[in-house]
Amino acid sequence: MKLAVRLFAKAKELAGTELVHLDVPNCTNVGELRGVLSASYPALAAIAPNLLVAVGSQYADDTMVVDPSVEVACFPPVSGG
Amino acid sequence: MKLAVRLFAKAKELAGTELVHLDVPNCTNVGELRGVLSASYPALAAIAPNLLVAVGSQYADDTMVVDPSVEVACFPPVSGG
Amino acid sequence: MIQLTQDEIDYTRLTESVRSPSAGAVVLFLGTVREMTDGRETVALDYDAYHEMALAKLAEVEADASDKWPLVATAIVHRLGHLEVGEISVAVAVSSAHRNEAFEAGRHMIERLKQCVPIWKKENWGDGSTEWVHPGLDGNKIRT
Amino acid sequence: MIQLTQDEIDYTRLTESVRSPSAGAVVLFLGTVREMTDGRETVALDYDAYHEMALAKLAEVEADASDKWPLVATAIVHRLGHLEVGEISVAVAVSSAHRNEAFEAGRHMIERLKQCVPIWKKENWGDGSTEWVHPGLDGNKIRT
Chain S
-1 MKLAVRLFAK
9 AKELAGTELV
19 HLDVPNCTNV
29 GELRGVLSAS
39 YPALAAIAPN
49 LLVAVGSQYA
59 DDTMVVDPSV
69 EVACFPPVSG
79 G
Chain F
-1 MKLAVRLFAK
9 AKELAGTELV
19 HLDVPNCTNV
29 GELRGVLSAS
39 YPALAAIAPN
49 LLVAVGSQYA
59 DDTMVVDPSV
69 EVACFPPVSG
79 G
Chain C
2 MIQLTQDEID
12 YTRLTESVRS
22 PSAGAVVLFL
32 GTVREMTDGR
42 ETVALDYDAY
52 HEMALAKLAE
62 VEADASDKWP
72 LVATAIVHRL
82 GHLEVGEISV
92 AVAVSSAHRN
102 EAFEAGRHMI
112 ERLKQCVPIW
122 KKENWGDGST
132 EWVHPGLDGN
142 KIRT
Chain B
2 MIQLTQDEID
12 YTRLTESVRS
22 PSAGAVVLFL
32 GTVREMTDGR
42 ETVALDYDAY
52 HEMALAKLAE
62 VEADASDKWP
72 LVATAIVHRL
82 GHLEVGEISV
92 AVAVSSAHRN
102 EAFEAGRHMI
112 ERLKQCVPIW
122 KKENWGDGST
132 EWVHPGLDGN
142 KIRT
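Protein chains in written order, with the numbering used here: chain S, -1 to 79; chain F, -1 to 79; chain C, 2 to 145; chain B, 2 to 145.
Chain S with its partners taken away, still in its complex shape (with noise of 0.2 Å):
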């Protein structure tokens, strides 16, 4: 299936980009979504075991099964305030 997944901050200037679409297999999640995302973004490999990931805003851990249905996004530790 076709993923979007957002990207913020360090994740989106290494990327490039701010919204990555990638190809991942049906009930993929989170865990195997950073190694796809590693995968398809060589400059995110580094950073990509400390990528936070939300769905539908809200954190999630590696268990959680992503659907294209619901938006994802990933982002380094925030530090807002």
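For the record, the hints were derived by calculation from the structure and aren't laboratory data. Treat the hints with care, since some could be wrong.
[Said to hold, decoys possible] Some chain S residues close to chain B (C-beta under 8 Å, calculated; not the full set): (1) LYS8; (2) GLU11; (3) GLY14; (4) THR15; (5) CYS25; (6) GLY33; (7) ALA41; (8) ILE45; (9) ALA46; (10) ALA52; (11) VAL68; (12) PRO74; (13) SER77; (14) GLY78.
[Said to hold, decoys possible] Covered stretches of chain B (chain C as the covering partner; in silico rule of three or more C-beta atoms under 8 Å from a C-beta of chain C): (15) 3 to 17; (16) 32 to 41; (17) 101 to 108; (18) 129 to 135.
[Claimed, not checked] No more than 30 Å apart at the CA atoms, straight line, and that leaves these computed lysine-lysine pairs for BS3-like: (19) C:LYS69 x C:LYS115; (20) B:LYS115 x B:LYS69; (21) C:LYS115 x B:LYS69; (22) B:LYS123 x C:LYS115.
Fair warning: this is a prediction, and the values are worked out from it, not measured in the lab. Idealized CB from N, CA, C, for every residue including glycine.
Go by the hints and put chains F, C and B onto chain S.
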């Protein structure tokens, strides 16, 4: 010696004045001053043990000796803020 | 900055007075006249002070906080006179490089102010009666 | 009240929004752009956010504080975009009947905001270089 004592809040209200003039022996301390104040202003007798006494804008305990050259004030517990 | 005033407290001015390029954090505390206390309605409060000593003690409150924490700036203003419900009676502002110190110092300053600065409030209750607030004095409940 | 804005933060308006006759205490926290960090000079910070999620998480921060303490009102605004040294990046305001809750909730809200709200800052150092701040990420020191 003559000693002027400033009063505030409920002490001022009970005494009916913001400045009382007392006759006290030389070397009177703060504890003795409470007694003179109660005797001269019976309306203050009930709260005299709980009055705070300031000598020269610093809190004074009952052993401190008062002196007409340094301002003396008596007032009930504070409630600012 | 230390001030006693009969006028409305301009807490924006107070806050601006502690902002600084060397501060990453500012904490402002406002005490305001609350309508209900233990089920009784307050209509207004009258504040009185022993001015000279209150100013000296407020300066001590600031100095004490600056001794305990690495602060950039502090400011305290207390209003006196007649205050209606909702009005600001006291404002404490503090700035520091990091937020923990600003929170701790701000809290410490208002606690110390309430303990040791010779200022008194008189309640104007909804039933028309008035009552000086003197914590610990006979017939006076402690009001926090 | 929750807001993300590109404009200067009007913290007076924010503070007014939490004042109430039922509150005796208001605490306002301001985060401001500090000039020096570990001996390095900051010229400016650029803030970016994942807007939709940041708004949702800020609402959670408010709800969490209101669950933990009896608060009257809360308000948070975070600025985004380019901020010079001294400018306000975030403002958190909270009111409650008594001061302890306002201090504790204010501190809790800014802590939670920094932990979980998807907003990021990029340093513009005095030497002309820039650097995203991502605590825990390789090559990034934790900045508090």
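Cross-check of the supplied hints:
The beta carbon of LYS8 of chain S comes within 4 Å of a beta carbon in chain B, closer than 8 Å, and the hint placing it at the interface holds. The beta carbon of GLU11 of chain S comes within 7 Å of a beta carbon in chain B, closer than 8 Å, and the hint placing it at the interface holds. Of the supplied interface hints, the one on GLY14 of chain S is violated, with its beta-carbon coming no nearer than about 14 Å to a beta-carbon of chain B, more than 8 Å. At a threshold of 8 Å, the smallest CB-CB gap from THR15 of chain S to chain B is about 14 Å, leaving the interface hint violated.
For CYS25 of chain S, the interface hint is violated, since its Cβ never comes within 8 Å of a Cβ in chain B; the closest pair sits about 24 Å apart. The restraint placing GLY33 of chain S at the interface with chain B is violated, with a minimum CB-CB distance near 18 Å, outside the 8 Å limit. About 13 Å separates the beta-carbon of ALA41 of chain S from the nearest beta-carbon of chain B, more than 8 Å, and the hint is not met. With a least beta-carbon distance of about 6 Å to chain B, the hint placing ILE45 of chain S at the interface is held under the 8 Å criterion.
A cut of 8 Å between beta carbons decides the hint on ALA46 of chain S: the least distance to chain B is about 11 Å, and the hint is violated. A least Cβ separation of about 6 Å between ALA52 of chain S and chain B falls short of the 8 Å threshold, and the interface hint therefore holds. Against a cut-off of 8 Å between C-beta atoms, the interface hint on VAL68 of chain S is violated, since the closest Cβ of chain B lies about 12 Å away. With its C-beta approaching chain B no nearer than about 4 Å, PRO74 of chain S sits inside the 8 Å limit, and its interface hint holds.
Below 8 Å, beta-carbon pairs count as interface contacts, and SER77 of chain S has one with chain B at about 4 Å; its hint therefore holds. For GLY78 of chain S, the suggested interface contact is upheld, since its CB lies about 3 Å from the closest CB of chain B, less than 8 Å. With 3 residues having a beta carbon nearer than 8 Å to a beta carbon of chain C, the region 3 to 17 of chain B meets the requirement of three or more and the stated coverage holds. For the region 32 to 41 of chain B, the stated coverage by chain C is satisfied: 6 residues place a CB nearer than 8 Å to a CB of that chain, which reaches the threshold of 3.
Given as covered by chain C, the region 101 to 108 of chain B passes the check, having 4 residues with a CB less than 8 Å from a CB of that chain where 3 are the minimum. A count of 0 residues in the region 129 to 135 of chain B with a Cβ less than 8 Å from any Cβ of chain C is obtained; the coverage claim is therefore unmet, three being the minimum. Restraint check: the Cα-Cα separation between LYS69 of chain C and LYS115 of chain C comes to about 18 Å, which is no more than 30 Å; the hinted pair holds. Simply put, LYS115 of chain B and LYS69 of chain B have alpha-carbon atoms about 18 Å apart, close enough for the 30 Å limit, and the pair holds.
About 26 Å separates the Cα atoms of LYS115 of chain C and LYS69 of chain B, which keeps this hinted pair within 30 Å; it holds. Restraint check for LYS123 of chain B and LYS115 of chain C: the C-alpha separation of about 42 Å exceeds 30 Å, so the hint is violated.
The earlier numbered hints that this structure contradicts are 3, 4, 5, 6, 7, 9, 11, 18 and 22.
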